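A.B. asks: Keeping the supplied structure of chain X fixed, place chains G and W upon it in accordance with the hints.
What follows is the residue order along each chain.
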Amino acid sequence: MTSRLCGTYDVVVVGAGVCGGAIARQLSKYDLRVAILEKCADVSFGVSKANSGIIHAGFHHPTDTLKTKLEIRGNMMFEKLQHELKFPFERVGILVVAFSPEEMETCRNLYLQGCENGVSRLQLLNAAKIRAMEDVLSPDVFGGLYAPTGGIIEPYRYVFALIESATLNGVTLATRWELAQAHRRQGVWELVSTGGETCRTRWVVNAAGLYADKVSGILGAEEFQIVPRKGEEYLLRRGAQGCPRHVLFPVPSHTSKGMLVIPTVEGTVMVGPTAHETDDKCDVSTSASNLRLVFDNAKRMVPAISSRDIITAFAGMRPTVEGQDFFIDISSMASNVVQVAGIQSPGLTASPAIGLYVKDLLKEAGLKLTEKPGFVHDLSASPVVRDLDGQSLAKLIERDRAYGNIVCRCERVSEAQIVEAIRKGHTTLDGIKFYTRAGMGRCQGGFCSYKILRIIQRETHMPIESITKRGPGSEIVLGTLEEEGART
Amino acid sequence: MSDARTITCIRCPRGCRVTVLSVDDRKASGQTCKLGLEYALEECRCPRRTVTAVVRTDNEKIRYLPVKTDKPLKKSLIVPLLRQLYTMKVCLPVESGGVIMTDFRQTGVNVVVSVGAEPI
Amino acid sequence: MIERQECDVVVVGGGAAGMAGALACHEQGLRVTVIEREESLGGILLQCIHNGFGLHHFGEELTGPEYALRFRQSVEESGIHVCCRTTAFRLEDKGSYRSVMTCSGEHGVREYRAKAVILSVGCRERNRGNIGIPGTRPAGVFTAGLAQRLTNIDGYIPGRRVVIVGSGDIGLIMARRMTWLGAKVLGVVEIMPTCSGLLRNVVQCLEDFDIPLYLGHVVTKIIGADRVRAVEVGPMRDGEVDTSAVFRLDCDTLLLSVGLVPEHDLAQDAQAEISPDTNGPIVDANWMTSVPGVFACGNGLHVHDLVDDVSHESRLCGLSVADFVRVGGFDNEQLTVNAGTNVKYVMPGKIASGRGCSLSFRSLIECEKATCTLRQGPNILVSKTLRFVRPAEMIRWDITTEKLKGACGEPVELSLGKATNDE
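Which chain is which? The protein sequence lines are X, G and W, in order.
Just so we're aligned: the first sequence equals residues 1 to 488 in this note's numbering.
Just so we're aligned: the second sequence equals residues 1 to 120 in this note's numbering.
Just so we're aligned: the third sequence equals residues 1 to 423 in this note's numbering.
Next comes chain X alone, as it looks inside the complex (with noise of 0.2 Å):
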C-alpha cells in the first residue's frame, strides 16, 4: 500500500516495525504531518515478523539500562491498547524454571533484581507450588520464580493495530520504499528511496530494525553496528502435548534469556529460540542440529513436548547493538535525528513507552506538539469468525455474505475476512496470514492458497504472476497455461 508523499512532513520515521508503529501512533495524537517509511512489501516484515509474542515482566535486566525502564512502563500500557486496538493479548504470568540450588539462587537474584526494577507481584516459589501452578512441568524441577505480570499476545496483529491507528489518524504509510540517499536542504531533511522518489521532513526517526546502522550512515549520524544474532523458534499445533498455562524460561545465562515454551495467544505452542550471531543479515534459515537443541531444552522443562507436533519452524534476526542496551536518544552528530536501535528483547514490551519517550525526546528538542483534538483512540474490532458462536455468525453472513464463505478452513477464515485485509493494504500471502491467520494451520495453506491467490487477484487486478508471498522476487506463480499457449 503506496501512498503519496508530497509536502513537507514533521516526523518521517523508517522502519515500520514494532517501535515504528509505536512511535507513529504516538505522534499521530498530535497536530503533526508524520510519514512512515517501509522497505518491505508490508509493515511488520523485518524483524517484528519473527516475534515470540512475549510481553515481559521486566526482571531480566539491570536496574540501571534504559531497555528496564521501558520494558516496565510498556508492560503495563497493553491492558489499554488492547482496550483501544483490539488485538489478542493475555497476561498469562511468565515462570523461570530452575532444577538445582545453583539455579534457584539465579532466580533469587531475578527477583530481587526484579523487585528494585519495580515489578510487582513477584513470587519465588518451591518445587511443589511451581508444580502445582504448572502440571506438565518436569518432576526434577527444583522450584522458580513466578511473574504474574508477564504476557502474551500476537505480534503482527499488534503491529498491525499500531499502523492502522496511526493511520486513520492521519499518518501516510508508504511501504516497498527503501531509503538510499539523504540531504540537508534549507534546514529540512531530503530522504531519497531506491526508487527515486523523494521525502522531505524536518526529523527523522531511524527506527530501522537490522538496518539502523546503514540508515544512521545515510543520514550521517553515529556510527554503530547492527550485528545480527538469529533465532530458530519453532511452532507447535494446537492440542501439542505438554502446552503450558504460563510463559516458561529456563535460567537465563549471560547471553540469553534461553529457550521458552510459549503458550501462544492463539493456543498453539512455540518452542525456542536460540541465539547465535551471524554475519549475515538475510540469513533466515533453520537447520537440524538447532531444532534438536531446541527439543533438548524445551523437553528439560516439559517432557511432553514433541517434535511430532511441529507445523512450522521459522527464524529471526535480533538487532544487537554494542553495549547491549537501547539506543535511543537524539543524534549528536546529524540533525534532527533520533535514534531508535539495538532493540531486541524486550523491545516489544518497551515498544509503547518507546512511543512516548520518543515523543518526549522530540518535545524536549523543540519540536511543537499540539494535541490533536479529533484523535481516534480505538480501532473498530472486525470480525473474526473463528470465534464467533452460530448466532453471531448467522447475523455477521446476513450482513455480508462472503463472512459465510469458509475460505481457509484450519483457521476457519471467512472470504470477508481476507477480502478485508486486502483493502487495508495486506495483498501478499503472508501479509494475509498474518492479519486473518489463513494458512497458518496444520494444512499450512494447502487448501486455501489458491483461494487466497484468486481473492487478490479479483480484488486488486494484480496479474496473477505479480501475487507474491511476501514482496518482489517472492512470487508464488511463474506462469500461465495462456501465455504459454500465446507463446507457441
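Derived from the structure by calculation, the hints contain no laboratory data.
Computed from a predicted structure; not experimentally measured.
Incorrect hints may have been included.
As the list claims (entries may be wrong) - Example chain W residues on the side facing chain X (calculated, C-beta under 8 Å, incomplete): (1) Met-1; (2) Arg-4; (3) Ser-104; (4) Pro-138; (5) Gly-182; (6) Lys-184; (7) Lys-418.
As the list claims (entries may be wrong) - With a cut-off of at most 25 Å between alpha-carbon atoms, the simulated PhoX-like pairs for lysine-lysine come out as follows: (8) Lys-369/W x Lys-34/G; (9) Lys-281/X x Lys-184/W; (10) Lys-451/X x Lys-34/G; (11) Lys-369/W x Lys-75/G; (12) Lys-184/W x Lys-74/G; (13) Lys-74/G x Lys-451/X.
Said to hold, decoys possible - Short derived list, chain X residues pointing at chain W, Cβ under 10 Å: (14) Lys-80; (15) Ser-287; (16) Phe-314.
Think of the CB as a built atom: it goes at the ideal place given N, C-alpha and C, for glycine as much as any other residue.
C.D. replies: For chains G and W alone, coordinates are given in the frame of chain X:
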C-alpha cells in the same frame, strides 16, 4: 539390426524387464507372458502414450477443462499436441466425450473432453 | 436466525467417499444431505486429470474427473440434497440425534439434526513443517496436491525448474505433469531405498523423460531468500545423512509428496477416539466411530491408494448407517482385529462376529508372493495368497460370511508372511 533394448513392462504389477533382441523376428527374453512380449515389441516399434491435459475455455468461472487422447499417441507427437492444445480455447457448453481435436496429424487420434461443462 | 433442518443422515464431504456413502444410504430409503465445501461434488478427483481410476469398480480406465462424474450423475439423478460451497464446522452428539453446524454465504448458518453422520472428509498433505526441511522459507515450496490444483484447475505454472520430494504416485504424476507444462524436472528425491509409486508411473513419469530418481536420499536444505534458488540433497547412510556426499540442485520449485494425513478435526470435535496408527478415527465393524451415530469412511478414515477401494468401503459404511438409522443401534458382537506380523494396521479394527467383512490393511514387507492369514488363537480362520505386496499399496481383503461362521468370542489377528513355494 538395431541393438538390444531392455524395457520395463507395465502391463501388470510384476514389471518384468524384457530385453528385445529383434523386433522383426519377435525375439525377446525376460518376459513371463504374451502381453509382456507384445508390450515390449510395441515399445520398440512405436512407443505410444495416452495424453491427459487441460484446455482453456471461454468461460471465466470454469476456466479449464480436462481432456485426453482417445487412443495412445506416438511419443514423438506428444509435445506438438500439447503445444497445440495450449493455444486452443473451447467454447462452452461442451459435452463429456466431446471431440475438440480430430485426427491429430493424421494419426487417427482424437482429443476428447473428459468432463464437459455448461457456461456459468 | 440459525435455520434448522432435519434428515436421517448428513454426509460431510462430497468426494468419492461421500458420494458412494450417500448413494448407499439413499438406496436404503434414507433422507440424505451432503455437505461439500467446494463448488461442486467430486473432491480431489476433480484435479486428478490423469488415467488410472476405476479399473476395478467400473472395469474401465478412467481419469479422475470421469470417475467423479459417474458418481455425481447418480447423486444428481437420485435427488439427494446437496449443499455445495458449505462448510461444516461443528459436530456434536446430542444423544437422540447428531448436530452438524454448517455455514455458507448462501444459507448462512444452519444446524442439521440427523440420526447419523458420515465423516467422509478426506485427508490433507504432509507439508514442509511436518517433515522439517531446514533452510530458508522462500516462495516456491508447494505440496504436490496444491501444485496439481494450480496446474489442473487454475491453469497456472507454479515453477520452471522443479525438484520433487517423495516417489509416491502423486509425486511421480506431478513429475510428468510439470514436464508436459514445459518445466524441467531435475529429479525425484526419495528417502526410502525403494520407490513407493507404481512401476507403471516410474516408466511413464520418470523414465519417459529421463528424470533421475534419487533413492535413499533426502533434501537437506532449501536455499533462496524470496524464491527457491536451489536445494541440497544428500544420501542416507545408516539412518543419517552422509554430509560428504551432499550435492546441489539449482531449481525454483520444490514439490512435496511426502504423505497424507486423514482430517480428523470434526471427529475430534465430537470427542471420537483417534487412532495413533492412521490418524483417523477408530471405527468398529460397522464403520462407526466411538461416538454413536458418527461414522467414517474413505481417506478421512485412513489413506487409500485406489479410489475403487474408497467407493467400496464407503458403500459398506452407508449400508451400515442405514441399519443404524432403521434400528437405532447395533447389537452384534464384535471381535477385535489385531495387526499381526508384518501388518502395519488393519481397518476397521473390529469385525462382527460370524459375519463377512472387508478388511483394509498395509504390509510392512515387500515381496512377490505372500500369504495373509486371519487367525483366532491357534486356529486359522481363513487365508489368501497375494501377489506383489508392498507397504505403499493398501490391500483390501473381502471375506465372506461363510468363512467367518463360528468365529466368535476371542479377538482375531491378521498377519502376513512370505509365501513358501508350494503355497
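A.B. asks: So which hints don't hold here, by number, going up?
C.D. replies: The structure breaks hints 2, 6, 7, 9, 10, 11, 13 and 14; every other hint is satisfied.
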